[in-house]
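With these hints in hand, go ahead and build the complete structure from the sequences.
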Amino acid sequence: MSDAEVMLSVSGVSKHFGGVIANENISLSVRKGEIVGLIGPNGSGKSTLFGSICGYHPIDKGSIKYRGRETKKMRTAEIARLGMVRTFQQTHVYDEMDCVRNMLISRPVRSSSVRSLLHRPNPDDLGRAEELLEFVGLASKRHLLAGSLSFGQQKLLEFAMALMNEPEVLLLDEPTAGINPTLINGLIDRLKQANERFGVTLFVIEHNMRVMMNLANEIHVLAAGRLIASGQPKDIQNDPRVIEAYLGGH
Amino acid sequence: MVKTTAVQWLVAAIALGVFFAAPWFLPHNMTQLVDVMVFILIALSWDMLGGQMGYNSFGNILFFGVGMYLLASIQVWAGGFTLAVYNAAEGGDLASFTVDTPTFVASLVVGLLVVAVLNFFLGLLVGSQLLKMRGHYFAIGTLGLGVAAGEFASTMDILGAGSGMNFVQPPRTLELAPLLYFIGLATVVVFFILLRWLYSTRFGFVMNAIRDNEDKAEAMGLPTAQVKAFAWAIAAFFAAIAGGIYGSSKNFIDPTEVAFSGTTIGVWMLLMTLIGGKGTIWGPIIGAVVFQLFKEFFWTFLFGWQRVALGLLIVIIVVFFPGGVMGGFDNLRRKLGIGKSTAEART
Numbered sequence: 001m002s003d004a005e006v007m008l009s010v011s012g013v014s015k016h017f018g019g020v021i022a023n024e025n026i027s028l029s030v031r032k033g034e035i036v037g038l039i040g041p042n043g044s045g046k047s048t049l050f051g052s053i054c055g056y057h058p059i060d061k062g063s064i065k066y067r068g069r070e071t072k073k074m075r076t077a078e079i080a081r082l083g084m085v086r087t088f089q090q091t092h093v094y095d096e097m098d099c100v101r102n103m104l105i106s107r108p109v110r111s112s113s114v115r116s117l118l119h120r121p122n123p124d125d126l127g128r129a130e131e132l133l134e135f136v137g138l139a140s141k142r143h144l145l146a147g148s149l150s151f152g153q154q155k156l157l158e159f160a161m162a163l164m165n166e167p168e169v170l171l172l173d174e175p176t177a178g179i180n181p182t183l184i185n186g187l188i189d190r191l192k193q194a195n196e197r198f199g200v201t202l203f204v205i206e207h208n209m210r211v212m213m214n215l216a217n218e219i220h221v222l223a224a225g226r227l228i229a230s231g232q233p234k235d236i237q238n239d240p241r242v243i244e245a246y247l248g249g250h
Numbered sequence: 001m002v003k004t005t006a007v008q009w010l011v012a013a014i015a016l017g018v019f020f021a022a023p024w025f026l027p028h029n030m031t032q033l034v035d036v037m038v039f040i041l042i043a044l045s046w047d048m049l050g051g052q053m054g055y056n057s058f059g060n061i062l063f064f065g066v067g068m069y070l071l072a073s074i075q076v077w078a079g080g081f082t083l084a085v086y087n088a089a090e091g092g093d094l095a096s097f098t099v100d101t102p103t104f105v106a107s108l109v110v111g112l113l114v115v116a117v118l119n120f121f122l123g124l125l126v127g128s129q130l131l132k133m134r135g136h137y138f139a140i141g142t143l144g145l146g147v148a149a150g151e152f153a154s155t156m157d158i159l160g161a162g163s164g165m166n167f168v169q170p171p172r173t174l175e176l177a178p179l180l181y182f183i184g185l186a187t188v189v190v191f192f193i194l195l196r197w198l199y200s201t202r203f204g205f206v207m208n209a210i211r212d213n214e215d216k217a218e219a220m221g222l223p224t225a226q227v228k229a230f231a232w233a234i235a236a237f238f239a240a241i242a243g244g245i246y247g248s249s250k251n252f253i254d255p256t257e258v259a260f261s262g263t264t265i266g267v268w269m270l271l272m273t274l275i276g277g278k279g280t281i282w283g284p285i286i287g288a289v290v291f292q293l294f295k296e297f298f299w300t301f302l303f304g305w306q307r308v309a310l311g312l313l314i315v316i317i318v319v320f321f322p323g324g325v326m327g328g329f330d331n332l333r334r335k336l337g338i339g340k341s342t343a344e345a346r347t
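Protein chains in written order, with this note's numbering: chain A, 1 to 250; chain B, 1 to 347.
Since the hints were made in silico from the structure, they are not lab data.
All the given hints hold, so there is nothing to weed out.
Residues from chain B that face chain A, not an exhaustive set, calculated with beta carbons under 7 Å: (1) ARG202; (2) PHE205; (3) ALA209; (4) ALA219; (5) MET220.
Between beta-carbon pairs, the in silico distance windows are: (6) VAL117(B) with GLN90(A): 40 to 48 Å; (7) GLY144(B) with ALA4(A): 52 to 60 Å; (8) ASN180(A) with GLY144(B): 43 to 51 Å; (9) ILE158(B) with LYS65(A): 50 to 58 Å; (10) HIS119(A) with GLY311(B): 41 to 49 Å; (11) SER200(B) with PRO181(A): 36 to 44 Å; (12) VAL147(B) with LYS73(A): 30 to 38 Å.
When the alpha-carbon atoms are kept at most 20 Å apart in a straight line, the in silico EDC-like pairs for lysine to aspartate or glutamate are as follows: (13) LYS141(A) with GLU96(A); (14) LYS73(A) with ASP60(A); (15) LYS132(B) with GLU78(A); (16) LYS72(A) with ASP215(B); (17) LYS32(A) with ASP173(A); (18) LYS132(B) with ASP215(B); (19) LYS73(A) with ASP215(B); (20) LYS192(A) with ASP173(A).
Glycine included, each C-beta is placed from N, C-alpha and C at the ideal position.
If you want it as structure tokens, here you go:
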């Protein structure tokens, strides 16, 4: 365990939808500079936990703290302005605008005042937008409408948009799903670079175990809404409970 | 980019010249010309939400009607009359409520500004609540606004209740229509320049982001609720001026047929925007002019069938020209391979 600052701390979080237990008494933390993974079979409550952390729905029990500050009552946009941003499993981009404009809109937002929006995008933003589009390999597509890109390209664009926002903590919901296998290695590389070069702490949901083993310093495993294991990738890989959850009866 | 902007300003200058000269060429159609200015204002106002922000509002008619009643009331007050007494007067008695020209003009111009500012705040208030709804729920919710306001005005005795309210009669020596026309034109110019600037700022970008994916905009920390309410407040500001000018031009307010008329102006503002091309700044302007031409044509040559013709026009536009006139320009330009498409030009 490192002694770096705890960025995100989830303790005793439960979320039920009617009779369905989506999350039950989940506690985990993410430290500054780490890449933390979240895995589990389909329907195990991973995306629900992301939703709870980012303020999409109220939680039933527990506490969620971002840099020591309780966020469970905050709205999504407020949490994002604090520096914790998520991407989506299904791509969410601004379809009717080109990639550059998608990027320009995504510049950091630190204030909710309307007056702070009454200026034209500055050249620095444009430079950074072009740089990040280059970084994810979309430079040649920069003037295409985001809605006309393939699913995989939209995922890359969304990743670039997230970086443009300069978050401290970035929650990625299945970043490699739908991406061409040959591109996945490149993406892993870029996720690591984002972590090392830009200092972004990553919290990643991923089904692809090969990706997770390559990427994460620490992995948490969910099954049927409960946290069943946490630890280093190599320990998780051999944990009988995890193997049971993935291959067994759930 | 520079070239496109230059061309756009040139087109704007020509359009302004034509609009400025129009009263001298069509002196017998002043009422219709005033209508064109009113239509441009409400179409641009509707497009802010419906086109740029993806919120199909039937609620702008609220500000249109409130603006109309407020202006009429302000003018009554400025003439030194009591609203209740004025509205209780009947027929020929109204002629006794006369004002001099300076009072009339001042109360009209200042009144329009006051009305606009009040509606700006009404827009903020209503918007901050109603804009929590999305999609169809928002559309239906706003539809209720106009209906409710119309029914409410019909029960208010102080506003003339169901029999409506007359505007203060302009002095005999005053030519009201040209005055209203140029007030309308000036307002259109201000609105146009304001929108061009607004749509080039991050505020405009966020409006488009809300249209394309509001969940994403929220997830990225954008203050969507504030932007939506302010956008609607600006739309309300200009819709109210449009309402004031329209009422003043018609000289009479009927609560459900003129002020809060969901089936005429309420739908027309949307229709005009669709004809011209929504989500563009020129679309609503072109749409308003084209719509007025069609409307006058139908009312003159197809009288009795004019609403049927208008209905057919709506169907034809929605089915065959979903992008409106501006969409047609785009397709043409793409085929000829010149210029930028509208989507790119927005960048």
